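Colleague: If you want the building blocks of each chain, they are given just below.
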Amino acid sequence: GPDPLITEVQPWASQLGDGVDVAPYGMPIRFEEHVIRRNVEWLTAETASSINFTPLHELDGIITPNGLCFERHHGGAAEIAKSDWRLMINGLVETPLVFTFADLMRFPRVNKIHFLECAANGGMEWAGAQLNGCQFTHGMIHNVMYTGVMLKDILAEAGVKTEGKWLLAEGADASGMTRSIPMEKALDDCMIAFKMNGEMLRKEQGYPARLVVPGWEGNMWIKWIRRLEVGDQPWEQREETSKYTDTMEDGRSRRWTWVMDAKSVITNPSPQAPITHGPGRTVITGVAWSGRGTIPRVDVTLNGGKTWFPARMDGPSLDKSMHRFYYEFDWDGSELLLQSRAVDSTGYVQPTKNQLRAFRGVNSVYHNNGIATWWVKPDGSAENVEIS
Amino acid sequence: EKIGLGRAALPEEITAWDIDVRPDGQGLPEGSGSVADGEELFSEKCAVCHGEFGEGVDNWPKLSGGQGTLDRDDPDKTIGSYWPYLSTAFDYVHRAMPFGQAQTLAADEVYAIVAYILYNNDLVEDDFVLSRENFTEVVLPNAEGFFFDDRDQTEVPAFTVEPCMENCKEKAEVTMRAAVLDVTPDDPTDDAATLIAAAAPAPEPAASPAPVSVAVAKPPVAAGYTISTDPALISAGEKVFKTCASCHKIGEGAKNATGPIMTGIVGRQAGTIEGFKYSKPMQEAGAGGLVWTPDNIAAYLRDPKGFVPKNKMAFNGLKKQDDIDAVIAYIASHGG
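Here the protein sequences come in this chain order: Z and H.
Those letters in the first sequence? Residues 4 to 391, by my numbering.
Those letters in the second sequence? Residues 36 to 371, by my numbering.
Just chain Z, same shape as in the assembly:
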């Protein structure tokens, strides 16, 4: 019969809605309350030193909304006013300097869209399929537009001495987060950012200023940045020795694995986002990224890798940024083994999990960029699986 939503006058079509002063800072409509970051309680001892995950299956396009960008803290999210923020440059420089936030705003600004991926993204999946949802298997990533200052411009004010080959970046939080960064990268494309997607950084993303290290592992993107020390050798801090090093099958560990390899994931359908409409026209979509450049191509398979089809890339294709892909097809209601495979602008092809394990074994923890598989069943539900 006729649809009452059409034939009957609905309250919203008759009565007035909210006025413009109801939400001075707008939040999503209540019907989207389930679109949130989530954590995995058993992963860590306590939430101040933990991680939560971006709900990739609820998003589209390439920009992550600020409130949904995953968080990783080692001593909780520090709360620092702009007026209390200082940035020091010391070490092998001509003049050690201190900047205020007001000083920072007087440098030339740049705007760049980049992905930030935690090196541990997918880390729970090394030994096999474990977490049932791309939010948990791939959600340690976000992609926003940063506004900030090129690091090389700030360093030039202090004058880096010729023997200065390394930079120690240090955060002001209770973990005193530190990472050593080679000077070549620091002077190339690193930024001190203070805005994301047009507004001030969120507290949990390092307000009022953070380091941006395009294409490199997220742990290096020091939040609440307070100090840059120039030196002639790396500092070998906790996060670059005991953590963020990749242990191989023979017990030796790979270090300085900074560049994030090309990777992709189908976000819909996926375990948290089943096919709900039954057989017929179905949209497969997902995201891909590479720390080495852009993603001109993503392939999709419906049968576990026997046959692949090129996906349709859509939206901006930017260096070291997320890319969006789609594959539209008519689903006959039979089982699918869905995978996506990214090919980056250098020709690097995202490997299968087993190809990756052949090099690294299963104890690597970090830098898992293997191809994920969703098993879609006739009822439309999907499950994270491993296949032969």
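Worth flagging that the hints you see were computed from the coordinates, not collected in a lab.
Incorrect hints may have been included.
Said to hold, decoys possible - In silico contact screen, one side only, chain H against chain Z (beta carbon under 8 Å); selected entries: (1) D185; (2) K206; (3) V218; (4) D221.
Remember, it's a predicted structure, so these values are computed and weren't measured experimentally.
Note that beta-carbon positions come from the ideal geometry of N, C-alpha and C, so glycine has one too.
Keeping the supplied structure of chain Z fixed, place chain H upon it in accordance with the hints.
Modeller: Okay, now just chain H, sitting in the frame of chain Z:
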């Protein structure tokens, strides 16, 4: 090309913030500390999370042991087994520990705590004193266990090949399923079955859910357990409780730590100490009627993982009935 922004950093400002230490010893402050002093400090400031011997409590990092495990499944990565440089331990303890009270340790205290960590890893003797002078003489066992990123020579060439599009393999069969492991956080709004049902044009009336039964094993303890008020037994229990004390506080003013407070626990419903974040199994056990009667405490202490499966207490259990009786007497003497 300088813009002329910023001001000169003062020497005392640089000293205040520049506390980093390198493997060659650059940045080490004056000072020293002994294993003995470190043991005391560690017990007071570190053991609540890392255990008395650096063995780790719950998910908190383990600091000792694990040597010889790096080439096995789930390697045990500790300062003794994995960390390449001792300077990293000094730097990290100095800048970030104790967790939640960072930068409260004096240089001598950091030397002592690091010395004690070395001792727990069997790398120094109990009379060892670590100082700025002898610091760089200490070489950690896994110093040579690292190599530089070689992906450009190994993986990248292997993966940079034209990918197959057709007839790429004969079979693709499911070999492992995440749903079987069932470790994904529960999320009713995203539950696939709910979403599919909600989207169906004519949903079947939902069957009423079966009552959830809580799997609490029946304790192998004789009924009618009575609590002793024998002072000697209570005193013995106080000693046994030291094993528990790194996680559980008891007595007046005690606060929840890694484990819930034990004051007044006897006779209390399980999973109900205010402000403590219990595991789901423990919450369910309490909601399902588990009360900490002496019988149940005894059974739990004997086999924590068997009595409430998958609860988060890391302790393996007390094996001696005398210890169990004593510690219950001690706990009961603090209310309940």
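Colleague: Against each hint, give a clear statement of whether it holds in the structure.
Modeller: Results of checking the hints against the structure:
| no. | hint | in the structure |
| --- | --- | --- |
| 1 | D185 | 7 Å, holds |
| 2 | K206 | 6 Å, holds |
| 3 | V218 | 6 Å, holds |
| 4 | D221 | 10 Å, violated |
In terms of the numbered hints stated before, the structure departs from hint 4 and from no other.
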